[in-house]
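Visitor: Chain by chain, the residues:
Number of protein chains: 6
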Amino acid sequence: MYTVSVRDHFMIAHSFRGETFGPAQKLHGATYVVDVAFVRPELDADGVVVDIGKASDTVKSILGALNFKNLDEVPEFAGRNTTTEFLAREIFDRTAAAIGRGELGENARGITLVRVTLHESHVAWASFEGAPGAASARR
Amino acid sequence: MYTVSVRDHFMIAHSFRGETFGPAQKLHGATYVVDVAFVRPELDADGVVVDIGKASDTVKSILGALNFKNLDEVPEFAGRNTTTEFLAREIFDRTAAAIGRGELGENARGITLVRVTLHESHVAWASFEGAPGAASARR
Amino acid sequence: MYTVSVRDHFMIAHSFRGETFGPAQKLHGATYVVDVAFVRPELDADGVVVDIGKASDTVKSILGALNFKNLDEVPEFAGRNTTTEFLAREIFDRTAAAIGRGELGENARGITLVRVTLHESHVAWASFEGAPGAASARR
Amino acid sequence: MYTVSVRDHFMIAHSFRGETFGPAQKLHGATYVVDVAFVRPELDADGVVVDIGKASDTVKSILGALNFKNLDEVPEFAGRNTTTEFLAREIFDRTAAAIGRGELGENARGITLVRVTLHESHVAWASFEGAPGAASARR
Amino acid sequence: MYTVSVRDHFMIAHSFRGETFGPAQKLHGATYVVDVAFVRPELDADGVVVDIGKASDTVKSILGALNFKNLDEVPEFAGRNTTTEFLAREIFDRTAAAIGRGELGENARGITLVRVTLHESHVAWASFEGAPGAASARR
Amino acid sequence: MYTVSVRDHFMIAHSFRGETFGPAQKLHGATYVVDVAFVRPELDADGVVVDIGKASDTVKSILGALNFKNLDEVPEFAGRNTTTEFLAREIFDRTAAAIGRGELGENARGITLVRVTLHESHVAWASFEGAPGAASARR
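Protein chains in written order, with my numbering: chain A, 201 to 339; chain B, 201 to 339; chain C, 201 to 339; chain D, 201 to 339; chain E, 201 to 339; chain F, 201 to 339.
Don't read these hints as lab results, they were simulated from the structure. Each hint should be verified, as a subset may be incorrect.
Identical chains blur together in the list; that is why a pair holds if it fits in one copy or across any two.
30 Å max Cα-Cα, derived BS3-like pairs, lysine-lysine [to be verified]:
id: 1; residue 1: 226; residue 2: 260
id: 2; residue 1: 254; residue 2: 226
id: 3; residue 1: 226; residue 2: 269
id: 4; residue 1: 269; residue 2: 254
For clarity, every value in this text was computed on a predicted model and none was experimentally measured.
My request is simple: use the sequences and hints to build the entire structure.
Guide: Structural data, given as structure tokens:
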């Protein structure tokens, strides 16, 4: 099984609802350093998992759409707690959809698993992983 | 599949028995930087894998019970080589037991896998992973 | 010359004013991983630069006063751009004041330089360094 | 499931063929920081996954055979793009073969999975993982 | 004293002449992860050391001119050993010249020190630091 | 000003005397990841700060003399608290002496500053820096 991972980051403001979040119920923010891993059982005809240039550009574009935002005011997140776990899933879904639309190249359809990890500090991080096909179909 | 990880550390002395350990048979020590990962297929009602405050406190408490100790003198490790692998398993077992006792919250019972990684230097680390339920039942 | 450094972090929301800041003029946020370095020419009577427990507690307390805040609403920052550089200086000033008040122990008065570094992502960080005495006197 | 990982590095020159590689079609180079993970369900009689001294020596020897080379001139790579993914697999195969030859000790035959990760920069890395037995038999 | 640092990377091939370099006399290569630090005693009118967007773009442009090259074939390096130290100085000189040409903004003329660090692996790095004005004048 | 740094590590047991050390008064241990930086104003005739092979070997040898030891039983440390700061100075002194004996090559006599940093965990580190000549003469 082969994996290729790329790293980028984005910076947002948000707040959480629910006692379990304690002081994080107040408006605060985070830098998320994001690793997106692409997994497949065999390499494509070019001998790669994915065109790393296209992969980096796609991740940059997906994170760019969230960067420098107050997530409390993003309509599609209305009523949701934008926890690190939730955002990992959201970025997974957007990456899977990009694969489905062919933005990472036709060969990228051979990718069987995508794992998105968000580092919120030097002592905490979260990830979501799944098959991109199912997520892509759902959108 | 969702994962949340937290990091902390502890510092101990110990020695190993067996020729395979070479100079590590002498009393020496280590800083272990510990990552504990909590894994589950779906988020709980709060939209998280685990209450990260409770998770961090539990890990700090488990590591605190080992911190600043000479493991050669800890009765429950008598006759055992406290290798990095062994300690990863030990911390896994204690984390699983804490989940079983409800210390990470009732929702934490949805956790299906725990992975404990101990970094002993910038060039070596070890981990143990398993289902917390089985380990919890065993204790 | 001896140096001891400790690391902690805080998470805030803020926005900047001025065209030079581009999209960062919008409300967003950051995780700052903070390193505070204490420097002195000779060790104290205990053979240390500073009591590392007191140093860690002081840094945690200083960062705790900023953690989970929207810096745009903090009265003492009114009219200021809370850039990474600015915050490094602010935390330096607060650390210097704590040394001046004796919170890091009497021996900590031998510290001749404090350096505060804020990592805002894996690709950008900023620091401020200076003599704590002058800063302490100014407050 | 237990895992032990060791880290080392090597530095090579190479070039790629195929439009997909853009400017990397020119002769350039890379430092690869390599993590080799050894995985098994139970510890051996010494309480370890693998003799970490033997594991480190084996990895150093395998990387040493590639270090300071122009991979374009290595006969066994003729006609191949020595991508990060390809090299991860190559180092996996050589590690699996070393296990098969007993170089990591007889106990190392209990290893059920080997994962080789090559970090090519602070923002990109690739890995290959598989059962060492199959790879060993193939050589 | 304030410092702002940005990180980027480049990947090159090269060889060294001289017995002291041992196997590095053969054509090989390296990934250099580069940190460029900008230092000044007081912040500019915007409350920053340097416009971090301009700083990042300048560093990317300087590294881009070296990226994916065989440094043995770069005319201006003819007859020189392109050691990590040498390259740190070269990138320093180019950064200083960019400041001198005003590419980092007029305010950047207040920068009194630039430090360039090249990480060649997880266990080795080198840097050059100096006043940008002198270097800028020399070009 | 040029700097070259190399990294290695050692693992020891020790205990501290004095109330200020709290639980660290008990026998415990640490992994120290050690960075040794060599600084000089101009490169030598080979275009380097120091022969990095010799530098790495010297550091490995110095750390090897401490590795896998209980520092409480090392005669030359009798009556001393082997704090991270103290050990940074000790390794500095030994490195300076090695330079003085010519073990890093004749050219290494041009080194004007040596900085030794010991990382004891992901959240704490200490360093000592000074001119190697004075330290070398003192031994």
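Visitor: Each hint: holds or not?
Guide: Against the structure, the hints come out as follows:
1. Taking the shortest alpha-carbon separations for residue 226 and residue 260, both the intra-copy value of 28 Å and the inter-copy value of 19 Å come in at or below 30 Å.
2. Proximity of residue 254 to residue 226 under the C-alpha cut-off of 30 Å is restricted to the inter-copy arrangement: shortest distance 19 Å between copies versus 37 Å within a copy.
3. In the homo-oligomer, the alpha carbons of residue 226 and residue 269 lie at most 30 Å apart both inside one protomer (16 Å) and across protomers (7 Å), since each shortest distance falls under that limit.
4. For the homomeric pair residue 269 and residue 254, the shortest alpha-carbon distances inside one copy (24 Å) and between copies (21 Å) are both at most 30 Å.
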